[in-house]
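In case you want the letters, here they are:
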Amino acid sequence: MKKILVMTGEVLKNQAKGPVTKHVLKRLEENPAPEDIRTIPIIIEDRCILCGTCVAVCPTHCLEMEKDDKDNGMIIMHTPQCMWCGHCQTYCPKDAIHIDRNPATSVLFSYNVRQDYSILTAKGSFKGEKADKKIEEKVAKGGKKLEELEKFRSGK
Amino acid sequence: MVEETFRSRFRTEVDGSDAPPGADYHMFIGPQHPWCEEPAHFIIHLKGERVVEANIRIGFNFRGMEKAMEARTWRQNTMLIPRACGICSAVHQNIYVRVVERLAGIEDQISERARLIRMFSCEAERIHSHMLWYGILAHDAGFDTMLHISWRDREIIMDIVEDLSGNRVNPALMLPGGVKRDIPKEKADRTRPKINDLIKKVEYHKKVFVEEASIRNRLEDVGVLTKDDAKKTTPNGPTGRASGLPFDVRKASPYELYDQLDWNLVYYTEGDILATTLVRLDETLESLRMCNQILDKLETAEGELLARVRPRIPAGEYFGRGEAPRGEDVHYGIANGTDKPERYKIRAPSLGNIDATLKRMDGEYIADMPVVLRSYDPCFSCTNRVMIVNDTTGEKLIIGQDEFAHKAIKAKKYNRPFF
Amino acid sequence: MSNELKELEDILKITFSKDLVKEVKKVEEGHFDILTTPDKAYDLMKILTEEAGIYHLSTVTAVEREKEFNVFYHIQHRIEEEFREVPINFIVTGINKDKPKTPSLLDFFVAADYYERECYDFFGIYFENHPFMQRLILPEKWPDDVRPMLKEYGWEELKEITLGIAKQISEND
Ligand code: SF4
Ligand code: SF4
Numbered sequence: 000m001k002k003i004l005v006m007t008g009e010v011l012k013n014q015a016k017g018p019v020t021k022h023v024l025k026r027l028e029e030n031p032a033p034e035d036i037r038t039i040p041i042i043i044e045d046r047c048i049l050c051g052t053c054v055a056v057c058p059t060h061c062l063e064m065e066k067d068d069k070d071n072g073m074i075i076m077h078t079p080q081c082m083w084c085g086h087c088q089t090y091c092p093k094d095a096i097h098i099d100r101n102p103a104t105s106v107l108f109s110y111n112v113r114q115d116y117s118i119l120t121a122k123g124s125f126k127g128e129k130a131d132k133k134i135e136e137k138v139a140k141g142g143k144k145l146e147e148l149e150k151f152r153s154g155k
Numbered sequence: 000m001v002e003e004t005f006r007s008r009f010r011t012e013v014d015g016s017d018a019p020p021g022a023d024y025h026m027f028i029g030p031q032h033p034w035c036e037e038p039a040h041f042i043i044h045l046k047g048e049r050v051v052e053a054n055i056r057i058g059f060n061f062r063g064m065e066k067a068m069e070a071r072t073w074r075q076n077t078m079l080i081p082r083a084c085g086i087c088s089a090v091h092q093n094i095y096v097r098v099v100e101r102l103a104g105i106e107d108q109i110s111e112r113a114r115l116i117r118m119f120s121c122e123a124e125r126i127h128s129h130m131l132w133y134g135i136l137a138h139d140a141g142f143d144t145m146l147h148i149s150w151r152d153r154e155i156i157m158d159i160v161e162d163l164s165g166n167r168v169n170p171a172l173m174l175p176g177g178v179k180r181d182i183p184k185e186k187a188d189r190t191r192p193k194i195n196d197l198i199k200k201v202e203y204h205k206k207v208f209v210e211e212a213s214i215r216n217r218l219e220d221v222g223v224l225t226k227d228d229a230k231k232t233t234p235n236g237p238t239g240r241a242s243g244l245p246f247d248v249r250k251a252s253p254y255e256l257y258d259q260l261d262w263n264l265v266y267y268t269e270g271d272i273l274a275t276t277l278v279r280l281d282e283t284l285e286s287l288r289m290c291n292q293i294l295d296k297l298e299t300a301e302g303e304l305l306a307r308v309r310p311r312i313p314a315g316e317y318f319g320r321g322e323a324p325r326g327e328d329v330h331y332g333i334a335n336g337t338d339k340p341e342r343y344k345i346r347a348p349s350l351g352n353i354d355a356t357l358k359r360m361d362g363e364y365i366a367d368m369p370v371v372l373r374s375y376d377p378c379f380s381c382t383n384r385v386m387i388v389n390d391t392t393g394e395k396l397i398i399g400q401d402e403f404a405h406k407a408i409k410a411k412k413y414n415r416p417f418f
Numbered sequence: 000m001s002n003e004l005k006e007l008e009d010i011l012k013i014t015f016s017k018d019l020v021k022e023v024k025k026v027e028e029g030h031f032d033i034l035t036t037p038d039k040a041y042d043l044m045k046i047l048t049e050e051a052g053i054y055h056l057s058t059v060t061a062v063e064r065e066k067e068f069n070v071f072y073h074i075q076h077r078i079e080e081e082f083r084e085v086p087i088n089f090i091v092t093g094i095n096k097d098k099p100k101t102p103s104l105l106d107f108f109v110a111a112d113y114y115e116r117e118c119y120d121f122f123g124i125y126f127e128n129h130p131f132m133q134r135l136i137l138p139e140k141w142p143d144d145v146r147p148m149l150k151e152y153g154w155e156e157l158k159e160i161t162l163g164i165a166k167q168i169s170e171n172d
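Residue numbers (numbering that gives the first Met the number 0), protein chains in the order written: chain A, 0 to 155; chain B, 0 to 418; chain C, 0 to 172.
Bear in mind the hints are in silico, worked out from the structure with no lab data behind them. Treat the hints with care, as some may be off.
Claimed, not checked - Dumping the calculated DSSO-like pairs for lysine-lysine here, alpha-carbon to alpha-carbon at most 30 Å:
#  : chain 1 : residue 1 : chain 2 : residue 2
1  : A       : Lys93     : B       : Lys186
2  : B       : Lys339    : C       : Lys24
3  : B       : Lys231    : C       : Lys39
4  : A       : Lys2      : B       : Lys205
5  : B       : Lys206    : A       : Lys12
6  : C       : Lys45     : B       : Lys231
7  : C       : Lys12     : C       : Lys39
8  : C       : Lys98     : B       : Lys66
9  : A       : Lys1      : B       : Lys200
10 : C       : Lys21     : B       : Lys231
11 : C       : Lys96     : B       : Lys339
12 : C       : Lys150    : B       : Lys339
Pulled out of the complex, with its shape left as it was, chain A reads as follows (with noise of 0.2 Å):
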């Protein structure tokens, strides 16, 4: 009897309150991400020296740089292949590049074309038009995805 008791008072609680899922985003508002949470690495374009030690410790193979000396030189990376590891923040040896600091950078996926690479930093003569060209050069290519795809329909 007091079961049934607890459980119609439950009902009517429940009734009352209305669906759960109609308050989502308002509760996404009360409980925001954490500060620190993992995303896609932005670099702090002073402190980086090139020294390319983020692009030899990524487990994905998503950044590539170019460089002619300290100085100039880029950067760049496939962003859906990242996976917020946080290798290249680790071994950093400059503390120049962060994955948790910048929550609204968590985008998942983005399937726009444009932003499948992102110049992470560009510096001295590399900054400008020479990144812009060197992005424009990938995406005409498909992108890396569309690369791989291509070769495996053709057989090769």
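Got chain A sorted already, so can you dock chains B and C with the ligands onto it with the hints?
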């Protein structure tokens, strides 16, 4: 000597010529089946309503990880190894880093603080894995209320993991030489009340499983695995502990600092599905208490978080073990002096448990099949939640998998951004 | 007689006849390696399981060395009163690389069935007297003579074989 009746359940002929005599129906489950998220093929031979013999075929989700590891450096493999399993990722990583530390000979340089944080990560994982499991078990037994209750409460521990590591399911906190992130005091203070809250909730879950007749009758005396059978079929972890084999790697050969904590080994001797459930429920409670102890210890524990490890690991070999939520997890690593492993063998716990679980099926009703097969906790990944943040407006939106796929396809098709 | 062998004998409470064991190594406290050869492996395991009462097999690992194959049986000696386990690596050394053959220890562990088949699948090591020496994991269309874990096969080669199989299947459909 093993008797003839105990042949392994992994032997199936494709043409069905190995069906046992007396069976008149043959049921095929998987590799794609709504009950079973895991790609495994179960073949169940029936006589009337009773199971005569259950067999399995595996190999539908083979990823070639051991070979892939030989082509990567030790450092890169630190992030490949947690991907061995969707849900017990921390313990795989824990064993891996211990193997590497042992091979590099820097075992004694790991600070107490780093070890405690590793243990916290492992225990938190055990809690959320067990809570997920008994939710699904209740769902398989037709008791969906429990599924919703336990999964709702599971969010508490998921939030803790997300807060501490930045990821929900795959904490990836460990590195050879230590850990990546600290647990600062504010976070520990934030975590403690949540854990105490969760202890009360899990105690309530246990009460439901023990007292609620509709679920208890579904689990009690179903699929009994006696101790003798268990010894022959070599189950590990909770499956073995429910049948009276009281072995837990954390007690049997303590790693990290498990010998300094105050905790009890949980084991039952009944061997039915209710016993496996209770083992996991009790273990969840033990783990929660351990988490509290670890947080207390962290207040005074000192030390560097990360010791330096050279990328080249000197030649040697080591056999590392650890207790995953599902059982004993075994790694064998061989280094040859370069920065890549010579050979790395992984044995995840579920493979060892399949034989024992299929042994449970003998003579049971077909209707108990989902519960019995679920009992060894076939593991699947639960990264079903996607959060999308529009970076220009800051608007947030949470959607399910289907809607996400739908939107993604549309966005790709018309070549426009997601929102 | 070495100290390690003595220590292990004390733990297991048995005595090995000397010619069966090639060497015993101590990895760390309560963790041993036992080395033996293919022709003696069966008899030695018989002593370990029947006299010392070992019943748990964690896994079987095959390793390709420069001149030979090794097969590791990772077994546990369990002391139930103390909730303690003594891991033992039972290593079968000196398996010929041209015709890899070693006795199957299926008689002592049911679990050896699929672990041994896994080694056969990936390394081509043939376990004698195993009643069901067939593939476990690799797909049915996989070429018989390709043992993917051997060092001679690189990542690219395997990728080509896999893609070839996928293509063949998609063409047949
Ligand atoms: S981000 Fe760090 S690791 Fe990467 S190139 Fe710059 S300084 Fe080197
Ligand atoms: S977070 Fe990991 S995957 Fe992403 S760029 Fe850094 S190292 Fe590579």
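The hints, checked one at a time:
Among the hinted pairs, lysine 93 of chain A with lysine 186 of chain B is consistent with the structure: their alpha-carbon atoms are about 27 Å apart, no more than 30 Å. Taking the CA atoms of lysine 339 of chain B and lysine 24 of chain C, the gap is near 26 Å; set against the 30 Å cutoff, the hint holds. Of the supplied pair hints, the one linking lysine 231 of chain B and lysine 39 of chain C holds, its CA atoms being roughly 23 Å apart against a limit of 30 Å. About 17 Å separates the Cα atoms of lysine 2 of chain A and lysine 205 of chain B, which keeps this hinted pair within 30 Å; it holds.
Proximity of lysine 206 of chain B to lysine 12 of chain A is assessed by CA-CA distance (about 23 Å); at most 30 Å being required, the pair is judged to hold. In summary, the hint linking lysine 45 of chain C to lysine 231 of chain B is supported, as the alpha carbons are separated by about 15 Å, within the 30 Å threshold. Proposed proximity of lysine 12 of chain C and lysine 39 of chain C is supported: the alpha carbons are some 20 Å apart, at most 30 Å. About 23 Å separates the Cα atoms of lysine 98 of chain C and lysine 66 of chain B, which keeps this hinted pair within 30 Å; it holds.
Proposed proximity of lysine 1 of chain A and lysine 200 of chain B is supported: the alpha carbons are some 21 Å apart, at most 30 Å. Distance restraint check for lysine 21 of chain C and lysine 231 of chain B: the Cα-Cα separation of roughly 28 Å lies within the 30 Å cut-off, and the hinted pair is therefore satisfied. Among the hinted pairs, lysine 96 of chain C with lysine 339 of chain B is consistent with the structure: their alpha-carbon atoms are about 24 Å apart, no more than 30 Å. Straight-line distance between C-alpha atoms of lysine 150 of chain C and lysine 339 of chain B comes to about 13 Å, which keeps the hinted pair within the 30 Å bound.
Hint compliance for this structure: every hint is met.
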